Amino acid sequence: MNKPPQTPQNHTEPPFLGWRMVQVAFFVDFIAVGFFFYSYSVFFKALSEEFGGSRLEAALGLTVANVVAALLSPNLGRFLDRLPIKFIMTGGAITVSCGFVLLSQITAQWQFYLILGTFIAFGTTAMGGLASSKLVANWFVIKRGTALGIATMGISLSGLIMPVLATWLIENLSWRGAFLAYGAGTFFLVSPIALFFVINRPEDVGQFPDNITPAHHSEGMPTLEDEVPHSVAAIFRTPMYWKIALTFALILACLSPILTNMVPYATDQGLASYEGATILSFCAGAGVLGKVIFGIIFDRYNPKLALFLSVSIQLIGLILLMQCREFYQFAISASLFGFGMGGVVPLQGALIGNLFGRHSFGKAMGLLRPTMLPIHLAGLPLSNYIFDLYGSYEKAFYLFLAGYVTALILISSFKLSPTSDK
Numbered sequence: 121m122n123k124p125p126q127t128p129q130n131h132t133e134p135p136f137l138g139w140r141m142v143q144v145a146f147f148v149d150f151i152a153v154g155f156f157f158y159s160y161s162v163f164f165k166a167l168s169e170e171f172g173g174s175r176l177e178a179a180l181g182l183t184v185a186n187v188v189a190a191l192l193s194p195n196l197g198r199f200l201d202r203l204p205i206k207f208i209m210t211g212g213a214i215t216v217s218c219g220f221v222l223l224s225q226i227t228a229q230w231q232f233y234l235i236l237g238t239f240i241a242f243g244t245t246a247m248g249g250l251a252s253s254k255l256v257a258n259w260f261v262i263k264r265g266t267a268l269g270i271a272t273m274g275i276s277l278s279g280l281i282m283p284v285l286a287t288w289l290i291e292n293l294s295w296r297g298a299f300l301a302y303g304a305g306t307f308f309l310v311s312p313i314a315l316f317f318v319i320n321r322p323e324d325v326g327q328f329p330d331n332i333t334p335a336h337h338s339e340g341m342p343t344l345e346d347e348v349p350h351s352v353a354a355i356f357r358t359p360m361y362w363k364i365a366l367t368f369a370l371i372l373a374c375l376s377p378i379l380t381n382m383v384p385y386a387t388d389q390g391l392a393s394y395e396g397a398t399i400l401s402f403c404a405g406a407g408v409l410g411k412v413i414f415g416i417i418f419d420r421y422n423p424k425l426a427l428f429l430s431v432s433i434q435l436i437g438l439i440l441l442m443q444c445r446e447f448y449q450f451a452i453s454a455s456l457f458g459f460g461m462g463g464v465v466p467l468q469g470a471l472i473g474n475l476f477g478r479h480s481f482g483k484a485m486g487l488l489r490p491t492m493l494p495i496h497l498a499g500l501p502l503s504n505y506i507f508d509l510y511g512s513y514e515k516a517f518y519l520f521l522a523g524y525v526t527a528l529i530l531i532s533s534f535k536l537s538p539t540s541d542k
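Residues are numbered in the numbering used here as their position in the sequence shown, beginning at 1, plus a constant of 120.
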């Protein structure tokens with residue numbers, strides 16, 4: 121009697137979920153950063169006209185949000201190291217959604233600052249940025265730069281889309297209607313994705329960082345159990361922490377006001393508002409490419425080289441922006457600046473991850489924001505104060521050139537190990 125044929129056993133490994141976490145981080149960053157930061161420059165003049173203030177006063181809203189977010193980051197970072205990331209992300213999404221709805225109802229400028237400093241500052245930090253970087257850093261070590269680069273592409277893609285969309289929303293619904301649309305989008309899109317798809321660590325589902333089992337680890341690559349948690353004091357005693365903090369504080373003090381003022385600067389040179397928004401989209405679009413390329417350079421070649429190139433290209437882009445008068449000149453210069461800018465966020469997370477490991481990533485990244493705050497904070501209000509004083513951004517741009525050169529000198533002194541966690 122013939123035996124029925126044996127059905128072969130399926131030993132196919134389940135798919136590695138790390139890249140799904142990258143997709144989640146990509147989407148959440150699109151909403152968390154793009155809905156507010158990239159749209160803010162388009163709202164800039166409308167808010168100034170509504171409340172009768174100067175550009176400095178309008179820019180203070182973004183400054184308030186940055187200050188509060190920085191002060192909240194150390195505690196939030198510790199929570200991200202200890203608690204399920206999905207609950208923190210979901211809470212952040214709900215908070216941001218409420219903040220946008222409240223922004224649509226403001227009747228006085230102090231209400232604007234209050235909402236930005238509470239709902240928006242906490243919510244965007246808990247939903248994206250720190251939380252999404254922590255999620256990706258938990259799932260990758262060897263390919264951390266590349267993974268963070270892909271995840272933070274959501275920020276740049278939002279910058280490519282949101283300025284144009286925000287302009288359309290403001291023209292058709294008013295800025296109040298645009299804020300309402302943002303609130304609904306945040307709640308209905310981000311909350312369910314964070315709640316149902318986020319997984320803290322690969323070890324929680326029987327997987328490993330980079331989809332590499334301990335038996336195949338390269339020498340010197342630790343498991344989570346091998347890592348020694350870093351105390352706050354230990355982090356502060358690390359010289360490279362301070363070099364990284366000062367370098368990125370200078371970069372962000374230059375980058376943030378350039379981005380925020382790009383649309384007003386372009387329109388001041390005679391371009392139409394839609395042309396200014398399009399230029400900002402070019403900048404963000406080039407940043408999409410920069411994030412991936414600089415992440416790959418970080419992982420495969422040299423972390424120091426990746427950051428040096430990123431800052432050098434921003435410096436060249438700014439020099440060219442200062443000479444622009446025509447739309448095509450702005451498009452080329454903004455694209456170059458955006459390409460260099462694309463490396464900043466993923467390289468910051470990759471450097472901190474390599475220095476302090478997965479176990480203390482949230483704590484170290486959370487401490488970094490208030491450490492950078494005094495310098496980072498100065499850029500935006502200073503640039504707008506200079507504009508109000510002289511009617512031009514030229515003198516502010518010269519200060520930013522000096523800031524970028526100083527950052528390059530600091531980067532030259534970095535002593536970095538290969539891309540594996542300490």
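Hints listed in this document are in silico derivations from the structure and should not be mistaken for laboratory results.
Hints are not guaranteed to be accurate.
Result set (SDA-like, lysine to any residue): computed pairs, CA atoms no more than 25 Å apart in a straight line [what the hints assert, rightly or not]:
{"id": "1", "residue 1": "Lys424", "residue 2": "Leu536"}
{"id": "2", "residue 1": "Lys424", "residue 2": "Pro490"}
{"id": "3", "residue 1": "Lys535", "residue 2": "Gln327"}
{"id": "4", "residue 1": "Lys515", "residue 2": "Lys424"}
{"id": "5", "residue 1": "Lys363", "residue 2": "Pro494"}
{"id": "6", "residue 1": "Lys206", "residue 2": "Lys363"}
{"id": "7", "residue 1": "Lys535", "residue 2": "Trp362"}
{"id": "8", "residue 1": "Lys206", "residue 2": "Arg296"}
{"id": "9", "residue 1": "Lys515", "residue 2": "Ile529"}
{"id": "10", "residue 1": "Lys535", "residue 2": "Phe447"}
{"id": "11", "residue 1": "Lys206", "residue 2": "Phe136"}
{"id": "12", "residue 1": "Lys206", "residue 2": "Ile226"}
{"id": "13", "residue 1": "Lys206", "residue 2": "Gly326"}
Have a look at the derived ranges for each label pair, beta carbon to beta carbon [unchecked claim]:
{"id": "14", "residue 1": "Tyr421", "residue 2": "Ser351", "range": "37 to 47 Å"}
{"id": "15", "residue 1": "Met442", "residue 2": "Pro134", "range": "49 to 59 Å"}
{"id": "16", "residue 1": "Gln389", "residue 2": "Ala353", "range": "41 to 51 Å"}
{"id": "17", "residue 1": "Trp362", "residue 2": "Arg198", "range": "16 to 26 Å"}
Values in this document were obtained by computation on a predicted structure and should not be read as measured data.
C-beta atoms are modelled at their ideal positions from N, C-alpha and C, and glycine is treated no differently.
Against the structure, the hints come out as follows:
Only pairs whose Cα atoms come within 25 Å are accepted, and Lys424 paired with Leu536 is accepted, the gap being roughly 7 Å. For the given pair, Lys424 sits about 24 Å from Pro490 by alpha-carbon distance, which is consistent with the 25 Å threshold. Restraint check: the Cα-Cα separation between Lys535 and Gln327 comes to about 32 Å, which exceeds 25 Å; the hinted pair is violated. In summary, the hint linking Lys515 to Lys424 is not supported, as the alpha carbons are separated by about 30 Å, beyond the 25 Å threshold.
Restraint check: the Cα-Cα separation between Lys363 and Pro494 comes to about 15 Å, which is no more than 25 Å; the hinted pair holds. With a C-alpha separation of about 32 Å, the suggested pair Lys206 and Lys363 falls outside the 25 Å cut-off, and the hint is violated. For the hint linking Lys535 to Trp362, the alpha-carbon distance of about 13 Å falls within 25 Å, and the restraint holds. For the suggested pair Lys206 and Arg296, the alpha carbons sit about 30 Å apart, so the restraint of at most 25 Å is broken.
For the suggested pair Lys515 and Ile529, the alpha carbons sit about 22 Å apart, so the restraint of at most 25 Å is met. Simply put, Lys535 and Phe447 have alpha-carbon atoms about 41 Å apart, too far for the 25 Å limit, and the pair is violated. Distance hint between Lys206 and Phe136 is fulfilled; the C-alpha atoms sit about 19 Å from each other, no more than 25 Å. In summary, the hint linking Lys206 to Ile226 is not supported, as the alpha carbons are separated by about 31 Å, beyond the 25 Å threshold.
About 18 Å separates the Cα atoms of Lys206 and Gly326, which keeps this hinted pair within 25 Å; it holds. For Tyr421 paired with Ser351, a C-beta distance near 33 Å fails the hint of 37 to 47 Å. Separation of Met442 from Pro134 is about 53 Å and conforms to the stated range, judged on CB atoms against 49 to 59 Å. The hinted range of 41 to 51 Å is satisfied by Gln389 and Ala353, whose Cβ atoms lie roughly 50 Å apart.
Range check, Trp362 to Arg198: Cβ separation about 20 Å, and the 16 to 26 Å hint holds.
The structure fails to meet hints 3, 4, 6, 8, 10, 12 and 14 from the earlier list, while all remaining hints are met.
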